[in-house]
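Student: Once you've looked at the hints, dock chain B against the given chain A.
Spelled out from the first residue to the last, the chains are:
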Amino acid sequence: MSTIRAILSFYSSFAFLGFLLTAACLGIIITNGIVMFTILFWFKIGTMWLIYYFIDSYKRKEYYYYDNLGISKRILWIPGLAFDFTVFMVSMVVLMLKMNGAQAGS
Amino acid sequence: MVHKLEVDSIILEFGSHRVLQDVYVTNETGKITGILGRNGCGKSCLMNIIYGVLPTNDKSIRIDGQAIFDGFRNPEIFRYLPQFSYMPKDFRIRRIFVDFRLDFAQFAAYFPGFEKYYTMKLGKLSGGERRIIEVYAILASKTKFCMLDEPFSHIMPLHAETLKSILTHEKKNKGIIITDHMHRYITDISDHLYVITNGKIYLTKGIEDLKTLGYISYIE
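If you read the protein sequences in the order shown, they are chains A and B. Going letter by letter, the first sequence gives residues 1 to 106 in the numbering used here. Going letter by letter, the second sequence gives residues 1 to 220 in the numbering used here.
Extracted from the complex, chain A is given alone in its bound form (with noise of 0.2 angstroms):
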């Protein structure tokens, strides 16, 4: 229990910054179409190796709290960063789908 209280108050340190991404690659989809997707997939990517770098610079320190406690850097980041691209990716898949659908209705 503690173990997951403690990924869920990592994973808010980068949660919200990760969904304003997402939602500006939705943004550039709906209006630039779904030829952007390669660009805004490394994007992802790249924006996502970036949050890591910084926060894991930031929380040097706060790893011995949850080491203290068991819990490992990798632990901390893979359940975090997973969600995010998953997030990410479903959101993408959904939203071609709808634009797909639309296109084929008119």
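Hint data in this document are derived by calculation from the structure and do not stem from the laboratory. These numbers come from a predicted model, not from an experiment. Some clues are possibly wrong.
[What the hints assert, rightly or not] Simulated DEER-style distance windows between Cβ atoms: (1) A:Thr3 to B:Asp8: 29 to 37 angstroms; (2) B:Glu115 to A:Arg5: 42 to 50 angstroms; (3) A:Ala15 to B:Val53: 25 to 33 angstroms; (4) B:His192 to A:Lys73: 31 to 39 angstroms; (5) B:Gly15 to A:Ala23: 29 to 37 angstroms; (6) B:Asp8 to A:Asp56: 57 to 65 angstroms; (7) B:Gly15 to A:Lys98: 26 to 34 angstroms; (8) A:Thr38 to B:Arg18: 29 to 37 angstroms; (9) B:Met120 to A:Tyr58: 18 to 26 angstroms; (10) B:Gly65 to A:Thr38: 54 to 62 angstroms; (11) A:Tyr52 to B:Leu203: 38 to 46 angstroms; (12) B:Met120 to A:Arg5: 16 to 24 angstroms.
Glycine included, each C-beta is placed from N, C-alpha and C at the ideal position.
Tutor: Coordinates of chain B only, in the frame set by chain A:
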């Protein structure tokens, strides 16, 4: 049951500069091992090596004869207080005590002024108050060995005396390795006292050795 920690053959080099060589330290349940040394002599590095977060090619760390490689992965064996503030400042005190499975009432009995902080965020406390909570979390939670790097930093003398009594109480359940520049606190409570100088570690027999080894200039 008494558990024994043995640390030996530690060599640490940064480039061509050898910081630690052939370090040997022991500790066991019921004992406090103090480590003193000048700034930059390698005390914190030694603790980081024992904990497993600072890699080095040469080290041998054993608990009850069993080799340990990554102590930081198992809080049931090791807990470590770094010399800097390590707790997330947006966490509430209540949550920290739940995470470390500690009884806040017992803590408040030691530090009565802290009762009102139970629901507050850690970041609202002063540096010294934060340090007390950080030290207590490591010191009082269940483990075989704990290492405390400068636990008395930023703490006022009244609370430092309380911490000394908690250390003496907690050593019944665990082995404690401690380092701090408040050397009188360390010499008061330590069962074994080491001094690191010129990369080597020396087991001292008395306060006179601190002067001989160049850690203090005079004996009061």
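Student: Could you see if the CB distance from B:Met120 to A:Arg5 stays within 16 to 24 angstroms?
Tutor: holds (18 angstroms)
Student: Okay, A:Thr38 versus B:Arg18 on CB: inside 29 to 37 angstroms?
Tutor: violated (52 angstroms)
Student: Is it true that B:Gly65 and A:Thr38 lie within 54 to 62 angstroms of each other by Cβ?
Tutor: holds (58 angstroms)
Student: Is it true that the C-beta distance of B:Met120 to A:Tyr58 lies inside 18 to 26 angstroms, as the hint says?
Tutor: Cβ of B:Met120 to Cβ of A:Tyr58: about 23 angstroms, so the range 18 to 26 angstroms holds.
Student: A range of 25 to 33 angstroms was offered for this pair. Does it hold for the Cβ distance of A:Ala15 and B:Val53?
Tutor: holds (27 angstroms)
Student: May I ask you to test the hint 31 to 39 angstroms on the CB atoms belonging to B:His192 and A:Lys73?
Tutor: Check passed, 33 angstroms falls within 31 to 39 angstroms.
Student: Quick check on a hinted range of 42 to 50 angstroms for B:Glu115 and A:Arg5, using CB atoms only.
Tutor: violated (24 angstroms)
Student: Does the Cβ-Cβ separation between A:Tyr52 and B:Leu203 fall within 38 to 46 angstroms?
Tutor: holds (44 angstroms)
Student: Given a hinted range of 57 to 65 angstroms, is it respected by the beta-carbon distance of B:Asp8 and A:Asp56?
Tutor: violated (33 angstroms)
Student: Taking the Cβ atom of A:Thr3 and the Cβ atom of B:Asp8, is their distance within the range 29 to 37 angstroms?
Tutor: holds (34 angstroms)
Student: That 26 to 34 angstroms hint for B:Gly15 and A:Lys98 (C-beta), does it hold up?
Tutor: The hint (26 to 34 angstroms, Cβ to Cβ) is violated, given that B:Gly15 and A:Lys98 are roughly 59 angstroms apart.
Student: Could you say whether the range 29 to 37 angstroms given as a hint is met by the Cβ separation of B:Gly15 and A:Ala23?
Tutor: violated (47 angstroms)
In the structure shown, a violation is registered for the earlier hints numbered 2, 5, 6, 7, 8, in ascending order.
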